[in-house]
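Trainee: One-letter residues, chain by chain:
Protein chains: 2
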Amino acid sequence: MNEIANTPSPPYYAVIFTSQRTKGDEGYGNTAVRMLELAAQQHGYLGVESAREDVGITVSYWADLESIKAWKQEMEHLAAQKQGQDIWYAAYKVRIAKVERDYDWPAQT
Amino acid sequence: MNEIANTPSPPYYAVIFTSQRTKGDEGYGNTAVRMLELAAQQHGYLGVESAREDVGITVSYWADLESIKAWKQEMEHLAAQKQGQDIWYAAYKVRIAKVERDYDWPAQT
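Chains as they are written, first to last, in the working numbering: chain A, 744 to 852; chain B, 744 to 852.
Just so you know, the hints here were simulated from the structure itself, not pulled from any lab data. Keep in mind it's a predicted model, so treat the numbers as computed, not measured. Treat the hints with caution; some may be incorrect.
The list cannot tell twin chains apart, which means a pair is met if one copy fits it or any two copies do.
In silico BS3-like links for lysine-lysine, alpha-carbon gap of 30 angstroms or less [unchecked claim]:
{"id": "1", "residue 1": "841", "residue 2": "766"}
{"id": "2", "residue 1": "812", "residue 2": "825"}
{"id": "3", "residue 1": "836", "residue 2": "825"}
{"id": "4", "residue 1": "836", "residue 2": "815"}
{"id": "5", "residue 1": "812", "residue 2": "836"}
{"id": "6", "residue 1": "841", "residue 2": "812"}
{"id": "7", "residue 1": "825", "residue 2": "766"}
{"id": "8", "residue 1": "766", "residue 2": "815"}
{"id": "9", "residue 1": "841", "residue 2": "815"}
{"id": "10", "residue 1": "825", "residue 2": "841"}
{"id": "11", "residue 1": "825", "residue 2": "815"}
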């Protein structure tokens with residue numbers, strides 16, 4: 744998760760998850776790592792990028808909307824979403840976006 | 744830049760800028776702040792979110808593709824892009840995406 748995601752040529756989808764944490768870890772760190780592992784096993788997963796300062800931004804990349812919907816409904820992920828609302832997040836916003844164009848620097852050959 | 748962006752109802756556009764920095768500041772911090780100020784003055788600008796750990800992720804939101812193109816060509820921004828390639832960035836990737844759907848928690852009324 745600590746690199747620029749090596750996604751295929753567009754079109755593909757991005758889920759932009761922007762969040763503000765509550766104070767304290769309360770199990771957040773372990774679950775965050777587990778969710779990144781679990782997401783990477785899902786059908787249609789293309790990659791993820793994540794960073795946190797005042798807000799956290801996690802962008803996950805997916806082949807299509809069906810894959811995004813299936814991941815949102817995955818059982819262990821649903822439990823984590825519930826804990827997120829109960830404990831870890833003060834607020835978050837999710838945006839589902841279709842990547843139409845991308846480019847790299849240095850240019851990828 | 745330190746909050747979840749209060750964007751309007753979709754559709755709108757997101758520019759996902761993911762980067763890896765070189766070492767040292769070398770004037771990066773001041774220019775980054777200036778670029779956020781300047782972006783906010785552009786036509787079609789809707790908001791920005793930014794965080795950096797191992798990678799930096801800055802997502803800016805725009806009303807349409809024309810506004811994104813105009814911002815990319817803005818003179819002071821062009822100079823900053825040049826310095827970015829010469830000095831500040833080891834690598835970056837830019838993705839232009841159409842936000843089709845979004846939701847908030849707690850739900851916005």
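Trainee: With reference to the structure, classify each hint as holding or not holding.
Mentor: Status of the hints after comparison with the structure:
1. 841 / 766: neither (33 angstroms within a copy, 33 angstroms between copies)
2. 812 / 825: Result: close within a single copy only, 16 angstroms intra versus 40 angstroms inter.
3. 836 / 825: within (15 angstroms within a copy, 33 angstroms between copies)
4. 836 / 815: This pair counts as both: shortest intra-copy Cα distance 14 angstroms, inter-copy 26 angstroms.
5. 812 / 836: Both: 16 angstroms inside a copy, 26 angstroms across copies.
6. 841 / 812: both (14 angstroms within a copy, 18 angstroms between copies)
7. 825 / 766: within (17 angstroms within a copy, 39 angstroms between copies)
8. 766 / 815: within (25 angstroms within a copy, 37 angstroms between copies)
9. 841 / 815: Both, since 17 angstroms and 20 angstroms are each at most 30 angstroms.
10. 825 / 841: Intra 26 angstroms, inter 28 angstroms, cutoff 30 angstroms: intra and inter.
11. 825 / 815: For residue 825 and residue 815, only the intra-copy Cα distance (12 angstroms) is at most 30 angstroms; the inter-copy one is 40 angstroms.
Hint 1 from the list above is the single one not met by this structure.
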